[in-house]
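Trainee: Sequence:
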Amino acid sequence: MKNKLLSIDQVANVCGVSPDRVRRWIEKRGLKTDPTNNTEEFVHHADMIDFFVKFNMPIPDSILPFKTKKILFIYDTNSDNKVFMSFLIEFLGNLRTENNNFITDHISYGPDAKIKLMVFNPDLVLLDMTENDNDAINMSIQIKSTEEFNKIKLVAITSDQLLELYKNRAVACGIDEILPYSMNLTLCTKSIISHNGLEY
Numbered sequence: 018m019k020n021k022l023l024s025i026d027q028v029a030n031v032c033g034v035s036p037d038r039v040r041r042w043i044e045k046r047g048l049k050t051d052p053t054n055n056t057e058e059f060v061h062h063a064d065m066i067d068f069f070v071k072f073n074m075p076i077p078d079s080i081l082p083f084k085t086k087k088i089l090f091i092y093d094t095n096s097d098n099k100v101f102m103s104f105l106i107e108f109l110g111n112l113r114t115e116n117n118n119f120i121t122d123h124i125s126y127g128p129d130a131k132i133k134l135m136v137f138n139p140d141l142v143l144l145d146m147t148e149n150d151n152d153a154i155n156m157s158i159q160i161k162s163t164e165e166f167n168k169i170k171l172v173a174i175t176s177d178q179l180l181e182l183y184k185n186r187a188v189a190c191g192i193d194e195i196l197p198y199s200m201n202l203t204l205c206t207k208s209i210i211s212h213n214g215l216e217y
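Letter by letter, the sequence shown follows residues 18 to 217 in the working numbering.
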């Protein structure tokens with residue numbers, strides 16, 4: 018499925034748009050086509066998913082690989098933990114590239130985060146709680162109080178020092194799990210995946 022090629026007409030049919038709209042995506046918005054075919058334009062299945070994620074467009078269920086899980090990381094742009102934030106964003110990007118069972122994206126806290134939730138419809142949301150717990154708590158309340166979101170699994174990430182301080186309030190507000198990040202960033206991020214029933 019990952020390397021499946023779709024014709025312009027197939028892409029249009031799946032997305033419910035005209036072939037001309039798909040061609041405009043190719044010409045003006047950078048939807049990639051297969052460079053090895055000189056007679057007809059084809060789009061790689063994986064490139065089409067990346068295009069939808071990049072432009073915050075709903076991904077049609079019909080093109081999702083079997084057992085796909087979508088992970089959204091919502092972070093604080095003012096966090097002092099820039100190294101961990103950058104690593105986690107890069108890790109999730111690599112996860113999407115290396116394993117087509119995962120589709121990942123990230124966005125900062127703010128009004129656009131709820132729009133991203135509605136469009137992306139993730140299975141797992143990672144909430145940045147490294148600086149303070151206010152944004153993560155407010156976001157968790159929004160998610161759990163919205164019917165179409167309330168089955169989303171919420172995992173908050175904080176420091177070892179703040180874990181006990183934030184834990185009770187986080188759980189009371191609907192966060193399913195709160196994990197500390199550690200010096201071993203790779204193990205921390207892999208544990209987030211494995212703790213939530215996702216195969217890595």
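A couple of the hints might just be wrong.
To be verified - Below 27 Å or equal to it, Euclidean Cα-Cα: the simulated BS3-like pairs (lysine-lysine) are:
| hint | residue 1 | residue 2 |
| --- | --- | --- |
| 1 | 99 | 84 |
| 2 | 87 | 131 |
| 3 | 133 | 168 |
| 4 | 168 | 184 |
| 5 | 99 | 21 |
| 6 | 84 | 45 |
| 7 | 45 | 99 |
| 8 | 49 | 161 |
| 9 | 71 | 49 |
| 10 | 71 | 168 |
| 11 | 168 | 131 |
| 12 | 161 | 131 |
| 13 | 99 | 49 |
What the hints assert, rightly or not - With beta-carbon atoms standing in for the labels, derived distance ranges:
| hint | residue 1 | residue 2 | range |
| --- | --- | --- | --- |
| 14 | 34 | 149 | 40 to 50 Å |
| 15 | 40 | 103 | 10 to 20 Å |
| 16 | 41 | 99 | 31 to 41 Å |
| 17 | 176 | 155 | 18 to 28 Å |
| 18 | 45 | 188 | 31 to 41 Å |
| 19 | 44 | 79 | 18 to 28 Å |
| 20 | 41 | 149 | 18 to 28 Å |
| 21 | 22 | 162 | 17 to 27 Å |
| 22 | 57 | 167 | 27 to 37 Å |
| 23 | 177 | 54 | 31 to 41 Å |
| 24 | 33 | 53 | 53 to 63 Å |
| 25 | 97 | 38 | 51 to 61 Å |
| 26 | 162 | 79 | 44 to 54 Å |
| 27 | 52 | 162 | 41 to 51 Å |
In case anyone wonders, no lab produced these hints; they're calculated from the structure. We put the beta carbon where it would ideally sit given N, CA and C, even for glycine.
Trainee: Work down the list of hints and note, for each, if the structure agrees.
Mentor: Consistency of the hints with the structure:
1. For the hint pairing residue 99 with residue 84, the CA-to-CA distance comes to about 32 Å; that exceeds 27 Å, so the pair is violated.
2. For the given pair, residue 87 sits about 15 Å from residue 131 by alpha-carbon distance, which is consistent with the 27 Å threshold.
3. Annotation: proposed proximity of residue 133 to residue 168 holds, straight-line Cα distance about 16 Å (limit 27 Å).
4. Simply put, residue 168 and residue 184 have alpha-carbon atoms about 20 Å apart, close enough for the 27 Å limit, and the pair holds.
5. This hinted pair does not check out: residue 99 and residue 21 have alpha carbons roughly 37 Å apart, beyond 27 Å.
6. With a C-alpha separation of about 32 Å, the suggested pairing of residue 84 with residue 45 is violated against the 27 Å cut-off.
7. A threshold of 27 Å between alpha carbons decides the hint, and for residue 45 with residue 99 the separation of about 33 Å lies outside it, so the pair is violated.
8. For the given pair, residue 49 sits about 37 Å from residue 161 by alpha-carbon distance, which is inconsistent with the 27 Å threshold.
9. Annotation: proposed proximity of residue 71 to residue 49 holds, straight-line Cα distance about 12 Å (limit 27 Å).
10. Straight-line distance between C-alpha atoms of residue 71 and residue 168 comes to about 24 Å, which keeps the hinted pair within the 27 Å bound.
11. A C-alpha spacing of about 15 Å is found between residue 168 and residue 131, which places the hinted pair at or below 27 Å, so the restraint holds.
12. As the CA atoms of residue 161 and residue 131 are separated by approximately 12 Å, the hinted pair is consistent with the 27 Å bound.
13. Under the criterion of a C-alpha separation no larger than 27 Å, the hint pairing residue 99 with residue 49 is inconsistent with the structure, at around 31 Å.
14. For residue 34 paired with residue 149, a C-beta distance near 42 Å keeps the hint of 40 to 50 Å intact.
15. For the hinted restraint 10 to 20 Å between residue 40 and residue 103, the CB-CB distance of approximately 36 Å leaves it violated.
16. Between residue 41 and residue 99 the Cβ separation comes to about 37 Å, which falls inside the hinted range of 31 to 41 Å.
17. Remark: the range hint 18 to 28 Å for residue 176 to residue 155 is upheld by a beta-carbon distance near 20 Å.
18. Separation of residue 45 from residue 188 is about 47 Å and departs from the stated range, judged on CB atoms against 31 to 41 Å.
19. At roughly 24 Å, the beta-carbon separation of residue 44 and residue 79 lies within the given 18 to 28 Å, and the hint holds.
20. Checked against the hint of 18 to 28 Å, the C-beta distance between residue 41 and residue 149 comes to roughly 43 Å, which is inconsistent with it.
21. Range check, residue 22 to residue 162: about 42 Å between beta-carbon atoms, so the 17 to 27 Å window is missed.
22. A hinted range of 27 to 37 Å is violated for the C-beta pair residue 57 and residue 167, which are about 45 Å apart.
23. For the pair residue 177 and residue 54, the supplied restraint of 31 to 41 Å is violated, since their beta-carbon distance comes to about 52 Å.
24. For the pair residue 33 and residue 53, the supplied restraint of 53 to 63 Å is violated, since their beta-carbon distance comes to about 28 Å.
25. For residue 97 paired with residue 38, a C-beta distance near 44 Å fails the hint of 51 to 61 Å.
26. For the pair residue 162 and residue 79, the beta carbons lie near 30 Å from each other, so the given range of 44 to 54 Å is not met.
27. Between residue 52 and residue 162 the C-beta distance comes to about 47 Å, which sits within the given range of 41 to 51 Å.
The structure does not agree with the numbered hints 1, 5, 6, 7, 8, 13, 15, 18, 20, 21, 22, 23, 24, 25 and 26 stated previously, though it agrees with the rest.
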